[in-house]
Every structure is written in C-alpha cells, then in structure tokens.
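Number of protein chains: 2
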Amino acid sequence: IPSQEILGFEKGASERGAGRKTRGSIPRQLGSASPLSRSVCTCRVINAEKSEFNEDQAACCQISVRRREPGLEEDQEWLILCSTQFLTGYYWALFDGHGGPEAAIIASDYLHYCIKQKLEEVAGAVAEARPPMHLSGRCVCDSDPQFVEEKHIHAEDVVVGALENAFQECLQLSARSQEAESNTLVHIALQTRLNPQDEVIGQEMEATNQAGGCTALAALYFQGKLYVANAGDSRAILVLKDTTVPMSSEFTPETERQRLQHLAFLFPKLLDGEFTRFEFPRRLKGDDVGQKVLYRDYFMEGWGYKLVEKADLKYPLVHGHGKQARLLGTLSVSRGLGDHQLKVIDTNIEVKPFLSCIPKVEVFDFALHDIKEDDVLIMATDGLWDVLCNEEVAHMARSFLADNRTDPQRFSELAKSLACRARGKKRGHQWMLDDSQEASYDDISVFVIPLHNRVEDC
Amino acid sequence: IPSQEILGFEKGASERGAGRKTRGSIPRQLGSASPLSRSVCTCRVINAEKSEFNEDQAACCQISVRRREPGLEEDQEWLILCSTQFLTGYYWALFDGHGGPEAAIIASDYLHYCIKQKLEEVAGAVAEARPPMHLSGRCVCDSDPQFVEEKHIHAEDVVVGALENAFQECLQLSARSQEAESNTLVHIALQTRLNPQDEVIGQEMEATNQAGGCTALAALYFQGKLYVANAGDSRAILVLKDTTVPMSSEFTPETERQRLQHLAFLFPKLLDGEFTRFEFPRRLKGDDVGQKVLYRDYFMEGWGYKLVEKADLKYPLVHGHGKQARLLGTLSVSRGLGDHQLKVIDTNIEVKPFLSCIPKVEVFDFALHDIKEDDVLIMATDGLWDVLCNEEVAHMARSFLADNRTDPQRFSELAKSLACRARGKKRGHQWMLDDSQEASYDDISVFVIPLHNRVEDC
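Line by line, the protein sequences give chains E and R. Each residue of the first sequence is one higher than the one before, starting from -11 at the first, in the numbering used here. Each residue of the second sequence is one higher than the one before, starting from -11 at the first, in the numbering used here.
Only chain E is shown next, with the shape it has when bound in the complex (with noise of 0.2 Å):
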C-alpha cells in the first residue's frame, strides 16, 4: 500500500487551508513503522456558511493484530509469548457527524482500535482457511471440520463477523448517561433490546451528553482481501481498469423505510401519537380525509390507495425525497454511531430505537483480479456523491490517472480534484458544477486508495 489521500471540504472559504479546522479532520495515523506513515496524507479544511465546523472526520493507520497459536489457553501467557506473531492489516475510514463534530471525533478515534481488538480476539482463526469450531483448536467432535465445511464458512467470514462486531461495540459511546434520560420505562426497556448496553470504550465516549451522531465507512486490507464497512450514507467504489465494483450500500430513511416502518408497527409508542408510519407520496391535508390515497405500509414494495383518517394527517415517520429524505422529520440518515440523546425537536420521542449501527459489509478478493496501476479505491462522504455519480467519478480517475502517470502525488491530486469538481466554483452567491447545476453545499471527504504494490504480508 504505497498511499492513500484524503481531502476534506467545507463550502465557503478560499482553497487553500484558511477554514477553521476541526480536531480530527486530518486522518491520524498510528503504527510509525508502517508503509502507510510514508505515503502523503493531505487534508483541507475550508469552512462554508453550511455549518460553523467541518462535520466529517477521517481515520487511516496499520492495524496489528497478534496472532496467538491456535491450542494455546489463554492462562498460557507464557507460551504466547513464544509464538506471538503479528498480522498486519490497513485502515482507513470515514465518518460523516451530524449535531456536531463529537461522534465522528469518537468514532475516528475509537473504531480501529474496536476491530483490532475484535481482530485479535479471533486471529488464531483467521489465519486458516477454514476456521476451527472451537478458538481453541480442541475438536470435541470428529465431524466438527465437516460442520463448518457444510455452513461454508471461511476465514473472511470471521474478518466480517469481527467488523459487525467492531461497530456493534464502538456504538457505545455515551450509551451509559442515556440511562437517566429515558422517560418511559417502556422506552428503557425497549432501547436496552434495540441498542444493547456493553461496555463504555474509553474515557473519551464516557465523557458526557454526546447529542451528535455520524456515519461510519470502513475500509480495511488484511490477509489478501478488501473488506468495506458501511453505515449510513458514504460510500466506496472500486475503480479498475475495465469495471466499477460498488463495495458500499447506503442507509437512507428512503433506503431503509421498511425497516423502519415494521419497528414503528411492532411498537407505535414509540410514535408517541405524533407521527404516522405510512408513507404518502406528500404531507397529507385536511382536504385529503375521506379520499383514497397513494400510501406505503410496511409490507409493501409497491403502492395502494388507502382511505384517509384524521390520524393519516400526522407527519410521516419517513418523509420527503432524495436529500431531502427524514427519519422523524429529523435525522437524513437511518444507520451510524451516536445519537443516544437525540430527540425529535419539541417532543420526547426518541431517535435512537430507528437507528442502527450494523453495517454491511463488502469482500473484494483480490487473490480473483489482475490488479492494475491505477485501478484505487474511492470513499467519499455523501457530499461527494450527492453531485457526481460513480461512472462520472470512475471517468475522472481513469483519465486524471493515466494523464498524470509521473506524478508521484497523481492519487492526492485526484482526490484533491474530485473534491473540488463536487464543491464547484462561486457565482455570485451559489456554489455551480461545471455543467451549471447547483453544487454540493455538504461537508466533502474523499480517500484515493492505490491498489497496485500492495504490500503483501498483510
């Protein structure tokens, strides 16, 4: 992994670094000694009239994961210390905050040092190609090998069941000070099923009312293989030579609206009377009552007409379209970290039971693909995509690369140039894209990930 670029922007100020930056916004990375801390990592910040502080936040370093020889006890510290080995890995993530910067700044802060615990806690079976039924290597049953032979499952599979869990434990953050929060003891019970309490990571997640959240992509490179962790709506695409390969889905109100309408379904007090969970292709008014409408339930991917009652009028759980797509006329993303304390403006009704942190999780093989010189890997926050679509960024890449092939910071360039094509030039008092359609006012982050010479011990 010779390098990797980020760029973040915020709308507003000249090119050039005079933004206010905020803590984090420059990727940190750990583990000096690797290839990673010689590569060019660049970060701008330029502030906008959209918000006061750059919301995204990114993350990139080695993870090193100790190997412990598959047998071993975990009394036997003596032994593992013998045969301790080092698995190496890379990552890189972006996290996308809302109601201020905090959770992104958490999360950047804690997420890799989630799955690099949840890495070496399963490392004695990543390192085989079928993992053991047992950690320990003991076979208490001779057929156990053809058990986890018939569920098919492989070492990736253990890499993604560690990501899930990664996310699952760094979602904790501020869990315990929402304890005294809850108003109902239904909401209690309800929260304690839907956002499970674990432990709280870190002095930092302890701290205090974290009112913010923030979406979560990871990327990380171990054993061979690309695994891309989404939650909530960045995303990564890989650019190759002859093809784009999505690796990311996002979590939308709209995307996710299913989900969200049967969980309003099994449990409408969490509606508190103000909401409705049925979809309607706009608010409903009082002239409307006593007509058939178009209307959405849970169940359905299609559309029906249903009579509208008074109660139809309330605002929709899920509402508005594209950007403009709501959770509770509230939040525009339905999956990340944070937002214990969120609550819908005016009311008690809390946000938090919609959300959830599992991510999907993507695996490219690359052991399967000829790797070419500049095919990369593209994460980008949602203000990249919301004004260019993959083929357009794809485009670029190939032909920003293969013009620049000398250029040793060609990947920062791209990425710097794919941020500033999202961001537009200022007329007069809006922000325009080239082809004269109105630019993106977000927060903008974009990683350019070379995958050729990967370093092949990780």
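Incorrect hints may have been included.
Pairs involving identical chains hold if they fit within one copy or between any two copies, as the list cannot separate such chains.
What the hints assert, rightly or not - Using 30 Å as the maximum straight-line C-alpha spacing, the simulated DSS-like pairs for lysine-lysine come out as follows:
no., residue 1, residue 2
1, Lys348, Lys139
2, Lys294, Lys360
3, Lys139, Lys273
4, Lys294, Lys139
5, Lys413, Lys331
6, Lys331, Lys139
7, Lys298, Lys229
8, Lys302, Lys139
9, Lys348, Lys294
10, Lys139, Lys257
No wet-lab data here; the hints were simulated from the structure.
Please build the complex by placing chain R on the supplied structure of chain E, with the hints as guidance.
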C-alpha cells in the same frame, strides 16, 4: 396465452394417475370464455411412501378486473354500469402444503379471488401510466402529479401493491380460532401486531382449526407485464432463448435467519426459555461449555466466536443446513399462509409470530424483450428445485422444446418430463436420478407457461 401445463407428482406408485388425488390437485380453471380454458391442463398425482396425500396444490384462471372510470364516486353505481370495462389478467399459482393439504387447498381456492378484489379496488389507477395521487382522479393539490413522479410511482407499483395486499388478506385463514388458543396476553398482543387481524375471507376459511400451512407462488400476466409473487420455497424462472431470468427468491429459515433471530432478540418470550436464538454450526453439548465456538447473532452475516454458556445448549431457533434447516425445529419454510395454530411439539411455543406472509414481487416487462417461440415461464415447488438447478432446468427446456417443435402438447410434455426427471427411477427401495444421485422425495408440481403469442389485450 395459448396454454399452460402443470404436473403434480407424489412418489411411489406408477406414473399414470393411479395415486390418490387430493381435492384441488387438478388446477381449477375459472372463466370458461378465457383462452386458458382451451388449453390442455394435465395433472397426474402419484402417491408415495412419503405422505398419504399430495400436499401441493395448483390453480390457474383468467382474472377479469372491472374497471371504473376515474372520477366516479363509489355511490354512483348507475354511472359505473354504463362505463364498465374489463381488464383481463391471467393467473397461475402453486401452493406447497405442510401439516396436511388443507391450507394449500383453501389458498388455491381464494388467493386469486383476493388478487381480483385488490386489483378492482385500484383498477382506475392501474390503467394510467402514472397513477393519480387520489384514486378518484380529483386533484386536491396542483403539484400532486409531480409528487407522484418524484416518487417514481408507476402503474406496475400499484399492481405490486395489490398483490402484496392480497397475500396479506389471504393470510387470514382461520385467524379467528387462533385468538382463543393464545396462551398469554403477551402472545395475543404480539400475534395481533405480527399478523394483523382482518376480515376472514369466505366460509371455507371460517371453518375451523386449520393446523396446516402452505407456501404460495403466484404469477400474474397483466397489462403486458408478468408479476411473480412468492412467499416460501417454490421457484419461478423465465427460460428465454439466450438467458435465464430468476423470477423469485426462496424464503427459508436459512435465508431469513437474521429476521427470525432479530424477532427473538426483540421478544425473547417467544422462545419461552426452550430455544436459543444464536446459530452454531452444530447443536452444542456439555463438552462445549466454557469453550469459544463459532456463532452468529441477528446482526451478523459473518461469524464470530462465543464463550459457550449452559443456556447455549438449548435447541437453536434456526437449526440445520439446506433441506434440513428448520425454524424452531418444526418448519422448513419461513413465509407462507396458514399455520395459525401451529405449536412446537410438546410446548406452548407458537410458530406463527415468526412466519411472514409478505411476498417478494418480481416484475418482467414484455415490452422490453423480444420474446421467442420457445420462451417459457417455469414454476415449480421445491420438489423439483431440490434436485435440479436453474441451468439444468433451462437446458432441458430449451433442448426439449427445440426437439419437439411440431408437437402441440410439447409444453405439457416438458412439464411432465421435468417432473419425471426430478422424481427419478426406483432402484430397489430408493428413487435415483440418472446420475445415481438420490432423487426428490418431496411432492413435485411444475407449470410450463409459453410466453409467445400472448393475448395482447391483457
């Protein structure tokens, strides 16, 4: 639609109709004036050692949807009479019963009725390219057409919604008697929410204690499009000249593990202390306690290692692999109709809360494809797909139809040939496939529906 063919097999007796026919095993045709009724419909039922009765059921019919002029209120019946037109659809469905054929018989009698009813309710909208916001056609808000357009709502979405609602309504088989059976308040409350009570349809459904259930796979040709709605483990594929298009996905305890585990996580009482929601590669035993073994929870697609406690020795909610996979040790499917009374043997644990009747609907637009003479839709219950994969079936279909182009019965013969192939031949006490693999011991039903020369007015 010139013809469609169905073959239903049970194992064990000779091939030619010697078996015990259950009611409804010959697909019933409604609407005698339809092109369907002119077609040859063969159904052979052959008994097997496996079960006394064939639990598969089939139905096909023409569905005439009375169309009302948009703008007419429901009480203007005399106007409707003047302006009535009919939209014609064609319907084929397979139902695979368990715990007896009763639920499959009821579903095969009523699902098309529910679909017709739901289509009639929205008939004014499905005839328009863009369904109106208000079914009446009245425009309450000037920008209503724009809202509908922004949501990308098309006529086909309203047909999909009608199919989804029809399954929901048909679910209510014997729903009333269930209420008396529920053993705790919690369960009643939950059941009510998980399976909304609705009007019980028809006298036959009111009948009594319907213990059994069934899967449902329904195809509808309507307004130039093919809709396939599936709840269960039957399957439909389109075999076109150059490509095979899957038109359904299977819903089994394995494919729906995460949904089932999540429900058990939210409502642990549903397991009544008798089951564990965790998945392990095999049933755990005493020797595993204290060890870390491979497991999955509801939020994991990957695998982790869990320190085994005594509670983990309970029987798993989802257990077994492939055809052996079972929900609560009881059912091999996770979606379908019926099963309101089903309890785990020797317990008070109800299976119904875990079951879903929500179909997944796939749409195929004939206007976008050049349909060739031998192109067919093949629908079959799991008895066929357990031993033949999509490509084997597609290959057999293409070569059989090419070799028998002059035979007017060739679609019927293909259905028979496919069922015979999956049924295998008796060698000693075993039924074997040609390649010495064990044949299907399940009931086998196959529809082969030619797609060329479709009736253009439906």
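We went through each hint and held it up to the structure:
1. In this assembly of identical chains, Lys348 and Lys139 lie within 30 Å of each other by CA distance both inside one copy and across copies; the values are 20 Å within and 25 Å between.
2. Neither within a single protomer nor between protomers do Lys294 and Lys360 lie at most 30 Å apart by alpha-carbon distance, with minima of 54 Å and 40 Å respectively.
3. Taking identical chains as interchangeable, the C-alpha atoms of Lys139 and Lys273 lie at most 30 Å apart only when they sit on different chains, with a minimum of 18 Å there against 53 Å within one chain.
4. For the homomeric pair Lys294 and Lys139, the shortest alpha-carbon distance between copies (17 Å) is at most 30 Å, but the shortest distance inside one copy (44 Å) is not.
5. Taking the closest pair of Cα atoms, Lys413 and Lys331 never come within 30 Å of each other, the shortest separation being 36 Å inside a single copy and 66 Å across copies.
6. In this homomeric assembly, Lys331 and Lys139 come within 30 Å of each other (Cα to Cα) only across copies, at 28 Å, whereas the closest approach inside a single copy is 42 Å.
7. Taking the shortest Cα distances, Lys298 and Lys229 never come within 30 Å of each other, neither inside one copy (56 Å) nor across copies (53 Å).
8. Taking the shortest alpha-carbon separations for Lys302 and Lys139, only the inter-copy value of 20 Å comes in at or below 30 Å, while the best intra-copy value is 47 Å.
9. In this assembly of identical chains, Lys348 and Lys294 lie within 30 Å of each other by CA distance solely across copies; the values are 21 Å between and 34 Å within a copy.
10. Proximity of Lys139 to Lys257 under the C-alpha cut-off of 30 Å is restricted to the inter-copy arrangement: shortest distance 28 Å between copies versus 39 Å within a copy.
Hints 2, 5 and 7, counting from the list given before, are not met by this structure.
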